[in-house]
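Note that the protein sequences, when read in sequence, are chains A and B. Mind the numbering: the first sequence is residues 1 to 261 in our numbering, read in order. Mind the numbering: the second sequence is residues 1 to 274 in our numbering, read in order.
Calculated from the structure, these hints are not laboratory results. What you are looking at is a predicted structure, and each value in this text was computed from that prediction instead of being measured. Every residue gets a Cβ at the ideal spot worked out from N, C-alpha and C, and that includes glycine. There could be a bad hint or two in this list.
Heads up, incomplete: computed chain B residues facing chain A, CB under 7 angstroms, no partners named [unchecked claim]:
| no. | residue |
| --- | --- |
| 1 | ASN32 |
| 2 | ASN50 |
| 3 | LEU182 |
| 4 | GLU183 |
| 5 | GLU184 |
| 6 | SER187 |
| 7 | ASN189 |
| 8 | PHE194 |
| 9 | VAL204 |
| 10 | TYR209 |
Every beta carbon over 12 angstroms from chain A, so not counted as near; a handful from chain B, in silico [claimed, not checked]:
| no. | residue |
| --- | --- |
| 11 | SER18 |
| 12 | SER88 |
| 13 | LEU119 |
Straight-line Cα separation of at most 30 angstroms, BS3-like style, residue types lysine-lysine; simulated pairs [claimed, not checked]:
| no. | chain 1 | residue 1 | chain 2 | residue 2 |
| --- | --- | --- | --- | --- |
| 14 | B | LYS30 | A | LYS251 |
| 15 | B | LYS65 | B | LYS264 |
| 16 | B | LYS126 | B | LYS25 |
| 17 | A | LYS17 | A | LYS7 |
| 18 | A | LYS2 | A | LYS251 |
| 19 | A | LYS201 | B | LYS126 |
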Amino acid sequence: MKRSLYKYISLYKEFFKTSLTEELSFRSNFILQSLMNIIFIGTYFFTSFFIFDHIEHIGMWNEIEFLLFLSFALAVDQTHYLIFSPNFWEFSGDVILGTLDFQLLKPFPTLFTVLFRRVAVPGILTVLLTYSLVIYFGIQVELSLLVWLSLPLCLFLSLFLLLGIEVLIAMLNFFTVEGMGINQLRLQVQHICRWPDFIYKNPARIWLFPLLAITSIPVRWILDMSYWSWLVAMFFGVLLLWFFIILLWPKALNFYESPSS
Amino acid sequence: MLSFFMTIRLEYLKWLQSLKISLSKNLNYKINFLLMMVIPVLVYFAIKYNLWSSIYATNSAESIKGYTLSQMIEYQFWILIFELFVRSHFFSRNISEDIRLGRISVFLLYPFGFFNYQLSLFFSDKLIQFFIGIFSFFVVVTFGWIDIPSVGILFRAGVFIFMVSAFWFFAQLLVGFMAFWLEETWSINISIRFISAFLSGFIVPLDMYPEIISKILLWTPFPYLIYIPVRILMGESIDVVFSLFILFIWILILFVCIQLVWRKGLKLYTGAGI
Numbered sequence: 001m002k003r004s005l006y007k008y009i010s011l012y013k014e015f016f017k018t019s020l021t022e023e024l025s026f027r028s029n030f031i032l033q034s035l036m037n038i039i040f041i042g043t044y045f046f047t048s049f050f051i052f053d054h055i056e057h058i059g060m061w062n063e064i065e066f067l068l069f070l071s072f073a074l075a076v077d078q079t080h081y082l083i084f085s086p087n088f089w090e091f092s093g094d095v096i097l098g099t100l101d102f103q104l105l106k107p108f109p110t111l112f113t114v115l116f117r118r119v120a121v122p123g124i125l126t127v128l129l130t131y132s133l134v135i136y137f138g139i140q141v142e143l144s145l146l147v148w149l150s151l152p153l154c155l156f157l158s159l160f161l162l163l164g165i166e167v168l169i170a171m172l173n174f175f176t177v178e179g180m181g182i183n184q185l186r187l188q189v190q191h192i193c194r195w196p197d198f199i200y201k202n203p204a205r206i207w208l209f210p211l212l213a214i215t216s217i218p219v220r221w222i223l224d225m226s227y228w229s230w231l232v233a234m235f236f237g238v239l240l241l242w243f244f245i246i247l248l249w250p251k252a253l254n255f256y257e258s259p260s261s
Numbered sequence: 001m002l003s004f005f006m007t008i009r010l011e012y013l014k015w016l017q018s019l020k021i022s023l024s025k026n027l028n029y030k031i032n033f034l035l036m037m038v039i040p041v042l043v044y045f046a047i048k049y050n051l052w053s054s055i056y057a058t059n060s061a062e063s064i065k066g067y068t069l070s071q072m073i074e075y076q077f078w079i080l081i082f083e084l085f086v087r088s089h090f091f092s093r094n095i096s097e098d099i100r101l102g103r104i105s106v107f108l109l110y111p112f113g114f115f116n117y118q119l120s121l122f123f124s125d126k127l128i129q130f131f132i133g134i135f136s137f138f139v140v141v142t143f144g145w146i147d148i149p150s151v152g153i154l155f156r157a158g159v160f161i162f163m164v165s166a167f168w169f170f171a172q173l174l175v176g177f178m179a180f181w182l183e184e185t186w187s188i189n190i191s192i193r194f195i196s197a198f199l200s201g202f203i204v205p206l207d208m209y210p211e212i213i214s215k216i217l218l219w220t221p222f223p224y225l226i227y228i229p230v231r232i233l234m235g236e237s238i239d240v241v242f243s244l245f246i247l248f249i250w251i252l253i254l255f256v257c258i259q260l261v262w263r264k265g266l267k268l269y270t271g272a273g274i
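For reference, chain A alone in the conformation it holds in the complex (with noise of 0.2 angstroms):
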């Protein structure tokens, strides 16, 4: 077990080595990606201070919570960005071109090389800076040291259901010629979970629930420790969501016909 888990870590580790010397190379690419993303934080932040500029509430929650859960979305969606997100443009590409080959031969896992294999380097400033506004508005908030120590936890709790609900999505390459659709698809959920689920009337939000909930249970739970009892349903939901993707992937890689071979 620790054999293999350390294999898995060299290996991560290459691939994060291999990123970050092809980010340096081309250096005006990594200095756009980067202010690309501060922008993309920026204009998220700005609209909320316009528009609470008129208001005092949105929801249940006033100017500093929705802060606080505004940092919490963009803080997954930023992990999200920095170690998954180049890799899903990259499937469907190989899903299309038959590249996929290459990845199917290795001695690791498909589904581990698939979406790990490559980092956005550019993507660490914008993970620091959202982590930092977390504990921010974290400490304006006066969380509690049990929320403070459970924060690992709730991030790492979105980030994958995040992740599953995207790996389900992008599994639709193999029955399209096309995948920009698939990906725009993929980007649509990431903006559904950015706005906090109360704002969406039934029966929208049963519907979009699994979405909601991405962000919207853990930051629930940060603010009102009454809600533990949605942390332990949604930890459970995850588990059981990846025990699906697991069971479901190599039946989808069934119809993935390699126009290479």
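Please arrange chain B on chain A, whose structure you already have, making use of the hints.
Coordinates of chain B only, in the frame set by chain A:
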């Protein structure tokens, strides 16, 4: 005289063929096209509709900065329609790929230039979007979510649709041409999208912004991309001539930049794989 007509006919055939190729390309991947062009606009609309409904409900506000809930929803519905007309495809990504992979070499030799080819792609996109926009407009009107504006207002909105589409075409072209110097241009394209969504009143009407920012913005192209046309469609009295003049100046600036960038870029260009 005969040779003149022959030239016109030849030009017409070139445009027609390019348009046909591009149309069939888009319509071949129908689901992909819908997922890229329609779904994002609908998702954004759904988010904004729910967000503003929730804001008005929880703040028990009759109006926020002069907007009642029904006016705010009407504003968002008009954005939905307007966006479906003007939303542009990922031109710049294709252009930069063409430059990076050396595919523009063929256009330097063909009797149909690169700019003309891109323009024909743009027209084919607009043709499809025109039908999507018209269809959505009728759906929204049929359900009574918005009222049909007067012919005069529709005409003014039509001029804005044309001008805004032209603005995006030139902006995308300019970003695409950056590939002569840069490895990737998509981050510039996406950044422009974020900035324009923020500064054009896509989420929040611009009169909710601090006054000084709203005033400065009037000299930039952003308010004329969404906020001003939507206010016109809502029946507000806006100085249309001034608005179109500012937008025209920005399109002109973009056009001049494109010419300069294209000329300078071509001098740097190395046709890979020839």
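Status of each hint after checking the structure:
no., hint, result
1, ASN32, "4 angstroms, holds"
2, ASN50, "5 angstroms, holds"
3, LEU182, "6 angstroms, holds"
4, GLU183, "4 angstroms, holds"
5, GLU184, "5 angstroms, holds"
6, SER187, "4 angstroms, holds"
7, ASN189, "9 angstroms, violated"
8, PHE194, "5 angstroms, holds"
9, VAL204, "6 angstroms, holds"
10, TYR209, "5 angstroms, holds"
11, SER18, "20 angstroms, holds"
12, SER88, "14 angstroms, holds"
13, LEU119, "22 angstroms, holds"
14, B:LYS30 x A:LYS251, "26 angstroms, holds"
15, B:LYS65 x B:LYS264, "48 angstroms, violated"
16, B:LYS126 x B:LYS25, "14 angstroms, holds"
17, A:LYS17 x A:LYS7, "15 angstroms, holds"
18, A:LYS2 x A:LYS251, "29 angstroms, holds"
19, A:LYS201 x B:LYS126, "34 angstroms, violated"
The structure fails hints 7, 15, 19 (numbered hints given earlier, in ascending order).
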